[in-house]
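Chains as they are written, first to last, in the working numbering: chain A, 0 to 157; chain B, 119 to 733.
A hint or two may mislead.
Said to hold, decoys possible - Across the chosen pairs, the derived CB separations fall in these ranges:
id : chain 1 : residue 1 : chain 2 : residue 2 : range
1  : A       : 101       : B       : 167       : 42 to 52 Å
2  : B       : 609       : A       : 102       : 52 to 62 Å
3  : A       : 89        : B       : 268       : 24 to 34 Å
Claimed, not checked - In silico DSS-like pairs for lysine-lysine, Cα to Cα no more than 27 Å straight-line:
id : chain 1 : residue 1 : chain 2 : residue 2
4  : B       : 344       : A       : 46
5  : A       : 46        : B       : 404
6  : B       : 136       : B       : 124
7  : B       : 344       : A       : 37
8  : A       : 149       : B       : 405
Because the hints were derived from the structure by calculation, they are not lab data.
Ideal Cβ placement from N, Cα and C applies to all residues, glycine included.
Chain by chain, the residues:
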Amino acid sequence: MQKTLHINADKCTGCMQCEMACSFENYGTFATAKSRIKVFDFHHTGKKVPYTCTQCDEAWCLHACPVEAITVDKATGAKVVNEATCVGCKVCTIACPFGTINYVEETGKVQKCDLCGGDPACASACPTGAITFIDSNWTGLGKMEQWADKLANQPSAG
Amino acid sequence: MSWAGKILRVDLTAGTVKSEPLNKEWARNYLGSRGLGSKYLVEEVDAKVDPLSPANKIIWATGPLTGTMASTGGRYTVITKSPLTGTIACSNSGGYWGAEFKMAGWDMVIFEGKSAKPVYLYVNDDVAELRDASHLWGKSVWETEETLKKSLQDPLTRVSSIGKAGENGILYAAVVNDLHRAAGRSGVGTVMGSKNLKAIAVRGTKGVGNIHNPKAFMKATTEKKKILAENGVTGQGLPAYGTQVLMNVINEVGGLPTRNHRDNQFEGAKDISAEAMATPRATDGKKQLVTNQACFGCTIACGRISKMDQGHFTVANKPQYWGASGGLEYEAAWALGAANGVNDLETLQYATMLCNEEGIDPITFGTTVGAVMELYDMGVLTKEQVGIEAKFGSAHALAFLVEETVNGRGFGKEIGQGSKRLTAKYGHPELSMSSKGLEFPAYDGRAIQGIGLAYATSNRGGCHLRGYTIASEVLGIPVKTDPLEHEGKPELVKAFQDATAAFDSSGLCIFTTFAWGLADLAPQMQAAIGEEYTTEELEKIGERIWNMEREFNNRAGFTAKDDSLPPRLLKEACKTGPATGKVNMLAEMMPKYYAARGWDKEGHPTAATRKRLSL
Chain A
0 MQKTLHINAD KCTGCMQCEM ACSFENYGTF ATAKSRIKVF DFHHTGKKVP YTCTQCDEAW
60 CLHACPVEAI TVDKATGAKV VNEATCVGCK VCTIACPFGT INYVEETGKV QKCDLCGGDP
120 ACASACPTGA ITFIDSNWTG LGKMEQWADK LANQPSAG
Chain B
119 MSWAGKILRV DLTAGTVKSE PLNKEWARNY LGSRGLGSKY LVEEVDAKVD PLSPANKIIW
179 ATGPLTGTMA STGGRYTVIT KSPLTGTIAC SNSGGYWGAE FKMAGWDMVI FEGKSAKPVY
239 LYVNDDVAEL RDASHLWGKS VWETEETLKK SLQDPLTRVS SIGKAGENGI LYAAVVNDLH
299 RAAGRSGVGT VMGSKNLKAI AVRGTKGVGN IHNPKAFMKA TTEKKKILAE NGVTGQGLPA
359 YGTQVLMNVI NEVGGLPTRN HRDNQFEGAK DISAEAMATP RATDGKKQLV TNQACFGCTI
419 ACGRISKMDQ GHFTVANKPQ YWGASGGLEY EAAWALGAAN GVNDLETLQY ATMLCNEEGI
479 DPITFGTTVG AVMELYDMGV LTKEQVGIEA KFGSAHALAF LVEETVNGRG FGKEIGQGSK
539 RLTAKYGHPE LSMSSKGLEF PAYDGRAIQG IGLAYATSNR GGCHLRGYTI ASEVLGIPVK
599 TDPLEHEGKP ELVKAFQDAT AAFDSSGLCI FTTFAWGLAD LAPQMQAAIG EEYTTEELEK
659 IGERIWNMER EFNNRAGFTA KDDSLPPRLL KEACKTGPAT GKVNMLAEMM PKYYAARGWD
719 KEGHPTAATR KRLSL
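Next comes chain A alone, as it looks inside the complex (with noise of 0.2 Å):
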């Protein structure tokens, strides 16, 4: 079975322990700035928003990489950045629609979420459950569930 990230922005508190999570697994450190997951606070209307890259199929970035540094881990589905292949020619952050993939100074590579080999840090570390990591063909069912328990048991809403 094949699992994605799945983010359900009502839920985050902007509490942050994700992003160090995410740098603690990739390098060893608490530093938000090297995190792969980003937590928006959108001050204005109260809403922290959790966003990162969601492992699309046809890949923008594996596609555009000259090199073929972007390969899909087969067991996870993830694209994954081979650092001893990659240039740092940055063409990948130019060709992802949704700025997931982003260069590195330090290393002259690029990073992306890799979904950690199959077990993401940042979903383990959610206090909330607003990052969870679950089959990739059922992300809506928690949803569709809340709406059947509204349609069935909540008798107002008949």
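Knowing the structure of chain A, use the given hints to seat chain B on it.
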């Protein structure tokens, strides 16, 4: 060992910024943040210094757990000598600034001297420099943050700054970061303004990396987060209702000071409670509360984000206040509301936004307005003097006075001096509800005996955050004690004060202590720092910090006589509720407190105490 190992020293007079190594021995003995920053202050500053002179220093200090995955690990403390009280001042704040600063590779920054013109400190990892702030002077906290982020072309910059209040010499100006998190009390922002220092803008990309035992640290912090999640207060009450969960609870025990402590219960408590914030308004059908928000690293998320009714008289035609913004916390809701008899939730939200926008402490402000309203009620102050009819309960007076105060206009200038100076000027010093010149927060020291003793003995004056015995006396954490009983409270207050000093120095938030004891802090500290910290040792370090702060105050000229409460709390009994007939039994408790502390009759630590604590 979770320290960057470096601190910044900024000489504002000379305009220089230097890096120096962190004093590791002091870090071992005083932990960090509150304890360590205070150690630097007491070693470097003469306790008798004029707080607003260039000879005073002001320090931003992080703790060993700031910027880590330990829950609530985002806090920093601002330490200086207070212009409001003359005591040591030490106010901490959450938000994101503290972690960002630590991630830039710095543990602390010490400012000394005074700049000839407005400046701000810019920190981007190793780059740390003073920059011209003339374009920021006169701007609010909110404008300052926005302007800096834009001009630096970096939306991820974090800013700790003062608004107009800190520039104008209001004695209880706050240092505010991330729009609505504040090092709020004791006038730390006033000292910042006196040095012509407008802001510290920080971008940190290095991270906090040198955790001693990462595996043990992740294990310990994960376990301890689980305790917070499963606790009724930290896992349910605070995220759902915020600190405002207390409004009705404290009113029910008869401990909600009302109308400048004339009353101890407020008939309008329910109108300004957490429940009211979550109920749709009659006017526009919307709830004031929009959502909750966490500070950096916090898995509790007690912060409130609120939106006002756009048609309310305070904000009609002022769209800048129509968006979501920092909402009412319990202390602010009480000080702006019950302390003045005002039960209009929207006006309280407006006032709290202005406190954040221009950077003032809502507790001292609200309580000072309470004293003004009492003086008005007595006929000592008139409408002509105040500029408005300042009757208890007047939302219009509150809204007018908060505008006047944050902008340093009219009678607001006098309110900006705090209740001690204001009531003395008008011949009624007894009406200042304060200890050592710092106004009391939201708990009545008559109905809740231990908190009265905590106010009288707090090293920064009337403050609940130095020994929150409410946890025990009202909430039953860690064990329930009777709020009306004074026996046993001296020992309880001491235990809370010492444990709090340790927590405050770790870089974590004191709200974790609703679920954690020092035994929960110890393994996280140990794994991060790599030195053995037992529960007993953390207690002792907390006690050492307490005594160090006390000795600074003693050198500043405070004596046993200053460990006092206003006559109203000692002589005028509670009129209603379960505490009817009660006054605070301070005279009974104080000798026992001194004995428990190992202090002589003058309130000085004895030679044996100093030796035991290695002072």
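Now the hints, each set against the structure:
no. : hint                        : result
1   : A/101 <-> B/167: 42 to 52 Å : holds (48 Å)
2   : B/609 <-> A/102: 52 to 62 Å : holds (59 Å)
3   : A/89 <-> B/268: 24 to 34 Å  : holds (25 Å)
4   : B/344 <-> A/46              : holds (25 Å)
5   : A/46 <-> B/404              : holds (17 Å)
6   : B/136 <-> B/124             : holds (10 Å)
7   : B/344 <-> A/37              : holds (24 Å)
8   : A/149 <-> B/405             : holds (22 Å)
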